[in-house]
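Colleague: Going down the list, the sequences are from chains A and B.
Using the numbering used here, the letters of the first sequence correspond one by one to residues 1112 to 1401.
Using the numbering used here, the letters of the second sequence correspond one by one to residues 202 to 1083.
Among the clues, some could well be false.
[Unchecked claim] Facing chain A, from chain B, some residues (calculated, C-beta under 7 Å):
1. Ile-204
2. Lys-363
3. Ile-390
4. Arg-423
5. Leu-427
6. Lys-440
7. Arg-447
8. Gly-765
9. Asp-766
10. Ile-789
11. Glu-798
12. Glu-800
13. Glu-860
14. Arg-863
[As the list claims (entries may be wrong)] Pulled from the structure, derived: some chain B residues nowhere near chain A, Cβ distances all over 10 Å:
15. Leu-216
16. Asn-368
17. Arg-539
18. Gly-799
19. Ser-935
Since the hints were made in silico from the structure, they are not lab data.
If you're wondering where the values come from, they're calculated on a predicted model, not measured in any experiment.
Quick reminder that beta carbons are idealized off the backbone N, C-alpha and C, glycines included.
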Amino acid sequence: MPLLKFYNLNMYKRILVAINEHLNSEVSGRYAVQFAKSCSAKLYLCFIADRRLSTSAFNKAEDAVKRLFAEAEKMGVEVEAITKTGEPVAEIATLVKHERISLAFVSTRHEDLRRKLYEGTVARSLMLQLPCSVALVRISHVGKSPPHKILLPLKSKISGAGEKAYFAAMMAQAYDSKLFVFHVSRPIAKFFHGPLHLTPIELENRMPRDIAVFLKLLGDHKIKTEKGFASGHEGRTIALEASIKRHDLIIMGASERGMLRSFIKGSPVETLLRDTPCDLIILRPKHEDQ
Amino acid sequence: MKINNIPAEDVFNTLVTSKDGLAADEAARRLREFGPNEISEKKRPNILLKLAKQFSHFLAMLLWIASALSFLSEYLHPGEGMMRLGIAILGVILINGVFTFVQEYRAEKSFEKLRLMLPFKVKVVREKETLEVNAREVVPGDLIVLTEGDRAPADARIVEAKYLIVNNAPLTGESAPVPLSSKACGGEIFDSSNIVFAGTNVLSGSAKAVVFATGMRTEFGRIAQLTESVEAGLSPLQKEIIKATRVIAAIAISIGISFFVVGQFIGRGFWENFIFAVGVIVALVPEGMLPTVTLALAMGSQRMAKKKALIKNLNSVETLGAVSVICTDKTGTLTMNRMEAVNVWSAGDFSNIEFLKRSDPLVLGAALCNNARYEKGEFKGDPTEIGLLKAVQKSFGNISADRLDEMPFDSERRRMTTINKIDQKHFVFAKGAIEALIPLCSRILTKDGIMPFEDTLKNSVIEANNRMMDKGLRVLAFASKEMASDEISGEDFESGLIFSGLIGLEDPLRPEVGAAIEKCRSGGIKVIMLTGDGSRTARAIAVEAGMVRGNPVVVEGGELDGMGDNELRAKLASDDIIFARMAPKHKIRVVSALKDEGERVAVTGDGVNDAPALKKADIGIAMGITGTEVAKEAADMILLDDNFATIVNAVEEGRAVYENIRKFITYIFSSNIPELAPYLAYVLFNIPLPLTIMQILAVDLGTDMLPALALGAEKPTGTLMRRPPRRPNERLLSAKVLSRAYLFLGPIEAVAAMFGYFYIMVGGGWIWGETLAPDSILYMQATTACLTAIIVTQMANVFACRSSEESLFRPGIFSNRLIFAGVAVEFLLQIFIVYHPWGNAVFATAPITAAAWLALVPFAFLLLAADETRKRFCFCRRKTSC
């Protein structure tokens, strides 16, 4: 019970969203505004202009900040706009520390995904360096927002389960959407028998303990939840599930695979960042489970 | 609110654009941000890699090692003939690899066909100017301009429309024109009347629309992605062959190693033991199995093609036999797709159309609110409208009038309306679904003239409609009114109509369907109908076809949308279930749920958006006549006559193929025992080796092949469709098959082989313990006799293997003439091996006398008699237990 009580408290009191001249950052900003409203958090709209940025790009980003500011105010969200010039990663990191930000929304783009493990991008740097939880947003389909059906793929072992459950619940609450918890297990094969087919009921009976705990956490938030189980290649199976069932948004935890393992075996997160049929939010939680 | 739910003016804000379009630099930025607007294919595995895979699986790796050891042995101990063995094993690897590749390879072209459906150029507004740009450069936020004949490049929200009518057939499979507008509407994007989708055609009118999804994120891209990513997985036969080869390899290696160790223990030399171990392994590995399976499948596919089922993937031949559920469309597959107006309800009475007057509004509506036409001796248009026109023309001749305006049918309004001029008067005629027309009617035509359309009269109309639907008829409601000429320009000409009546159209069942459904029922195959028709019509058709008995579960498309997976699976567990008012988008969910439950599913489809379901199913069946190219490319089988009965015939053929594979596996495996026995005798009794490795390969890859193939061509027996589909856990190499081959037929052949060997050796003066040189005539004649004994008993065995339970006389000795051809070739090959100098040189054989042959023939009869006795015993026991 203490665990559940803890997560019913407001985990995110100050939320930052990084805005730039790109459309996807503004759409990510819309997610952040709704989310901040749902959490009753203060929202920081932050635009850090790189010194090399053109005037037209600067103006576009500023316009985006203004529009989001107006939208947040209209929705009754406490909001502050910050525009600075400098190196984005360093400036945002300083701001996060200074303002004691608990969650930052950062967007990534198609061109970032051409790089393996989106290495060297601002999005990846922010994901790794910010001393707060980070929600990396990949805008894939502008028409599907606001999301009514949110897919929540879960691994067998969930770190930061409490925060992930809280984040998903608040996002679902923000849009009055339904959450679909989905677990993909590796196919089981035996040498002489070959691959074994397990029905969804059999897969559910083998549900990992962490997922059961996670479902209980979600249940405590009184969010409409449905669960599904499948076996197969994780990234591809999740993308197919989202595509077949026409989900509007996928929320999943950040990859915990090391560089070498990701390079050799690939990473479901990276597969989804490339092939997601709908918007995708990758959450890297910072709050420790209690 | 989603993009379809908001007013047109808010669309610009949502996508951060304006009526002037995007600026060039912003468009370029968004192109980098979202990527090009194209259907991009993932990297496919290289064809060479696919080929390489066939040479690197478990069994192949073992054979590579055996071959390498043979070459090493030849290098260390020249003159033992190991070089020939090494080369022979390489040949086995090559033959098996190539045959498996041929069996599994299938060129993927559905993606190419999809790509061709998108336009290359498109008009966009950029900085107030209308430009023509490459379609791949379109980005979210772009304002596109669509005019008649254009094809939409991306999914876009309409912000301005002038009489826009599009054809969504490439996406939905429905060819009816769809009017679109810029008005906000509720519901999901896919069903909205203000969204234009990539790949769809503008039939008339014009529009401006703001792009919100490009490339693989469009609905079209979604179909492409699903078609590409969805995998049916390995076929049941592929899985079984993997298991079988692993079991065989494990048995062969275990026995080989055991005898190697025993040999070492009793003091034989290392290389002698090694040759022995390799011999045992080669004897136990059925080298000819994979080529024979592939050829049997190829023959099966040819037989299916003759029955109008074109198989695209060889493995599908057998998969068909394993199918436990068939999900089928109704129109055109179960029915003839030939609508006939068979019943009319007018002025409170049921009758036929010929009993009405020519001037009856119902007759006029059926003739004039109709886009079908009669040209050059044939009717053209939608089958339902053709049915109406035919009925009118048959009874009243040609009825025509000027059409002043038309509101075409669309799936949302579910009605069509025309304004016609008859004798200088203007009339509105409307036809459509009853629930779409009743709200527009304020009066009704009755026996007593035109009356207010009160609730009691509405109820009688609904009751009449239900009675017609319960008979399996597709029911159309009709309404009309006369209007003043100045009312024509008004938008409200569909209100205040007079309800004219109902016409029920029948799409007759194909005559073969009833028997085919009965065959499925007796064969334990569940048939699920997925139709766009209403539930009453669907139920009536299903009952008429014999698909359902009693009260089936009926699920409608809308209900399915809101249904969770568990609920869907629970519904699918019921014996009788029908899916009504279904769109093709629903198919993949039904197929996935069935597959999750371990069912082996065949599904029919014809449209582009059927492609993912066709790929997902174990057997995707495309319609040869009405199917799109994309559906045909995605399918495993094409029905050349679009007929359900053809599917059932193909399933029966598939079951026969599986039975036949078991028959020839029994046949092939039987010869492994007489191939192994000489090695056991060699090591246990210290006699010269009675059968060489090359002679083993002569049987496995030579003489056995054609008789085995002839077994693969056995016709389906009448009992095949009277038993349930085989269980997923039923093994190809079942204990029954293995025990019959290894413990019954094989030992008889082994006795014959050893008899032949000793018959020559003892007759030639050999004394026990005497060693003979490998090139001594007596030794070569003895091994030849051993080999001949195997061949002679295998010639009898092929007849025994025609059935595992029935007497060889029951199917008719001459019912499969290929058996005789196979046996003849087998015999000729053996003659070549025994008597031709080349055969002697390659297989180290020597000619034997006719007496030796005659001494071996009784073993063939012994094998047949023993197996007949076994069958009779088993059959009687089963009959008693029944």
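Colleague: Now tell me if each hint is right for this structure.
Modeller: Going through the hints against the structure:
1. Ile-204: holds, 4 Å
2. Lys-363: violated, 23 Å
3. Ile-390: Interface hint status for Ile-390 (chain B): holds (6 Å vs cutoff 7 Å).
4. Arg-423: holds, 6 Å
5. Leu-427: holds, 6 Å
6. Lys-440: Check passed: Cβ of Lys-440 (chain B) comes within 5 Å of chain A, closer than 7 Å.
7. Arg-447: holds, 6 Å
8. Gly-765: holds, 5 Å
9. Asp-766: Check passed: Cβ of Asp-766 (chain B) comes within 6 Å of chain A, closer than 7 Å.
10. Ile-789: holds, 6 Å
11. Glu-798: holds, 5 Å
12. Glu-800: With Cβ-Cβ at 10 Å, over 7 Å, it is violated.
13. Glu-860: violated, 22 Å
14. Arg-863: violated, 18 Å
15. Leu-216: violated, 6 Å
16. Asn-368: Non-interface label stands for Asn-368 (chain B): nearest chain A Cβ at 21 Å, farther than 10 Å.
17. Arg-539: Holds, because the least Cβ-Cβ distance between Arg-539 (chain B) and chain A comes to about 34 Å, which exceeds 10 Å.
18. Gly-799: Violated: least Cβ distance 5 Å, not greater than 10 Å.
19. Ser-935: The claim stands: Ser-935 (chain B) keeps its Cβ more than 10 Å from every Cβ of chain A (closest is about 14 Å).
This entry does not satisfy hints 2, 12, 13, 14, 15, 18, going by the numbered hints stated previously.
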